[in-house]
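Those protein sequence lines, which keep their order, are chains L and S.
Just so you know, we're using this note's numbering here: the first sequence kicks off at 1 and counts up by one.
Just so you know, we're using this note's numbering here: the second sequence kicks off at 1 and counts up by one.
Hints in this document: simulated from the structure, not taken from any laboratory.
Any given hint could turn out to be false.
Pulled from the structure, derived: some chain L residues nowhere near chain S, Cβ distances all over 10 Å [stated by the list, open to error]:
1. T31
2. G195
3. Q200
4. L201
5. G202
6. R217
7. G238
8. G271
9. F272
10. Q286
11. D316
12. G320
13. R321
14. E384
15. T387
Derived pair list, reagent style BS3-like, types lysine-lysine, alpha-carbon separation capped at 30 Å [what the hints assert, rightly or not]:
16. L:K188 <-> S:K154
17. S:K67 <-> S:K185
18. L:K289 <-> S:K255
19. S:K255 <-> S:K154
20. L:K289 <-> L:K9
21. L:K267 <-> S:K251
22. S:K37 <-> S:K154
23. S:K185 <-> L:K267
24. L:K267 <-> S:K180
Quantities reported herein were computed from a predicted structural model and do not represent experimental measurements.
A virtual CB, placed ideally from N, CA and C, is assigned to each residue, including glycine.
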Amino acid sequence: MSLVVRGGKVIDPASGKQEVMDIVIQDGRITDIGPDVGAKVEGDVIDAQGRLVLPGLTDLRAHIREPGEEYKEDIDTASKAAVAGGFTSIVANASGATPMDTPEMIEHVVRRGRAVGLCEVLTAGSITVGLKGELLAEAASLQKAGAVCLSEGVRTVSNARLMRSALEYSCDFGLTVMSYACDSDLSKGGQVSEGLVSTQLGLLGIPHAAEEAVVARDLALAELTGARLHLTQLSCAGSVEQVRQAKARGVKVSADVGVNHLCFTEKHVLGFDTNLKLAPPLRRAQDQKALIAGIVDGTIDAIATGHAPQSILEKDVTFGRASTGAIGLQTALAVCFEVAQKHQVPEMTMVERLTTGPASVLGRPHAGLNKGAQANLTVFNPDEEWTVKDTEIVSKSKNSPFLGKTLHGLVEKTIFDGRVVYSS
Amino acid sequence: MIRGQHLLGMRGVPADTIYGILDTARGFKEVSRRTIKKVPSLRGRTVLNVFYEASTRTRVSFELAGKRLSADGVNISASGGSTSTSKGESLLDMAQTLDAMQADAVIIRHGQSGAPHYLADRIGARVINAGDGQHEHPTQALLDLMTIREQFEKLEGLEVALIGDIRHSRVARSNLIAMKTLGMKVRVAGPATLVPKELCDVYGCERCDTVEQAMEGAHVVMSLRLQRERMVSGMLPSLREYAVEYGINSKLLEKTRHEAILMHPGPVNRGVELAADIVDGSRSVILNQVENGVAVRCAVLYSILGGEQP
């Protein structure tokens, strides 16, 4: 039995397609794609007229909280949130209670992800044992168990010598090392970005230098070792400029930014909304502008949700006591299209940063929407308005900074491996 | 900001509201000096003082204010591990408990910036901020303004030297906001580690390189307490050096106008922020500030709760 996605505007960075087409799917693969190729095909039809048809999205940075903190999220709910947001691949990142430092942990996530079967649940392996920054985790074993990259979650490997070793060692296995750049001494106790808002609210600030200093260090180490470095969740204009210059020198570096950093700035924190307490913190308008410029000129390779579920226990407290992070899988695509419209980012560029961009960071080719490719795709209605309510959030935790806000653009269908895994 | 009938901070409080509170406070100061220091304005109203941080002068000042207005006051001291917080009760639990007690007003001091805002969103009672983290301390700003007004009457155009640990001071933030609203000119001085770089952009004040420059021709010198308990390590080499470089002494006071007053929110680290002799000197209005604190808090409670049907 075939499935036909009819008459949608296909935007596919892998092939450069950007026109109205039909997509014919059979046995999990795209068997035909082109204008009106589905007209005479028998099977189920998804009417995609007026919709955008995109390759399934890849998120480089989702904290799925399993195993260890299942009261916040688990692989089942994270998968549901992913497909509700149009993602067909997510990379599970370690968080405090879930260091992905043993093959068993990696295998657990991969196995559970397959069992749920809604999307591809990939996982990063921890850079160090227990995320303690003292001993390298067994990268090769983690890779054999299924890890697609190395990451220390929202921690920075503060020991430069150890970070050098991690980069050098990863070269042998072709693993990208993700660095979350934040100097732990400079940021100690910090709640928000250091600047106007920290001064006004009397909250301890995290200076830009906390990120930029580590970015400089890691770029130097990547240059020294020749390893593949990925700087994740950049928030500062100075960091973007450093990456731009490093790329020009030929350093093997890639970078991503968080969705929330594209649409909020530090000023949004003035109301003490704990859902906007993020890691890294929201920065100034000029930083946001630089992040978007980086997306446009290719300095920034990917946009990641940084999906970080926190329960009401961690968020319904005063700002200073609240844990960092916000969920983001379900709202990311709508928000990115709003950002694209507001800042004149070409649709193709935005889609590229959510699909082929993140895939290339991991060194995994993205087949896109071509004949023979695995049928992973998203049907998105850019005109549909919806208000984000906690009853509509499929994540276990409801810590979305968009609660109560109206978004323009809705994922209507997500197709993974040829199956419709989500319908709005 | 006054949100609804809360007093959460000085941001957004207009000049006429400030003057209204100061005028009202003048009357309550007179009440405080009577033999029978009590009026029936808040009879039958319940005011809870919830102090999550150790405090003597602010807590007692609010307690006295409530008593002078005949309110039924209950004090909940949540610091020191002796009460509910040591049993793991969160601020949300506390909010729900307070709401169930049908309080009319809750006065809260908390170590976290934004705690009064958090509470105001969750309870039916009026919330008065008695100091939140390093954010705001609005009634302190009001009592400071009352004290200044007693000396100068007209506040607009007055020059104020704000000296010391501004980074960690909620008193400084509330004063900077209120003084700007009233058209006063504030100059600040202190070690760079204790004066945020963005201060002048946020509050429209002027940064001086030296204490001497800030004090030149000032009407008001406001010294701030070194908040050592809030500092991360390494912000000051020593108290001795701070006293030498940034402490205020009688020689420095000579730089100010002849009618200038010396203020401090207390408690003073004698010999550090202020030389011992000037704390009790003729320019010092530190005890006037304390006295005016009760009057201002009476005025705030009266303004927020007075005139309503119980």
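Here is how each hint holds up against the structure:
no.: 1; hint: T31; result: 55 Å, holds
no.: 2; hint: G195; result: 5 Å, violated
no.: 3; hint: Q200; result: 5 Å, violated
no.: 4; hint: L201; result: 5 Å, violated
no.: 5; hint: G202; result: 3 Å, violated
no.: 6; hint: R217; result: 21 Å, holds
no.: 7; hint: G238; result: 16 Å, holds
no.: 8; hint: G271; result: 8 Å, violated
no.: 9; hint: F272; result: 4 Å, violated
no.: 10; hint: Q286; result: 14 Å, holds
no.: 11; hint: D316; result: 6 Å, violated
no.: 12; hint: G320; result: 4 Å, violated
no.: 13; hint: R321; result: 6 Å, violated
no.: 14; hint: E384; result: 31 Å, holds
no.: 15; hint: T387; result: 20 Å, holds
no.: 16; hint: L:K188 <-> S:K154; result: 44 Å, violated
no.: 17; hint: S:K67 <-> S:K185; result: 36 Å, violated
no.: 18; hint: L:K289 <-> S:K255; result: 46 Å, violated
no.: 19; hint: S:K255 <-> S:K154; result: 22 Å, holds
no.: 20; hint: L:K289 <-> L:K9; result: 29 Å, holds
no.: 21; hint: L:K267 <-> S:K251; result: 43 Å, violated
no.: 22; hint: S:K37 <-> S:K154; result: 29 Å, holds
no.: 23; hint: S:K185 <-> L:K267; result: 26 Å, holds
no.: 24; hint: L:K267 <-> S:K180; result: 20 Å, holds
When each numbered hint is compared with the structure, violations occur for hints 2, 3, 4, 5, 8, 9, 11, 12, 13, 16, 17, 18 and 21.
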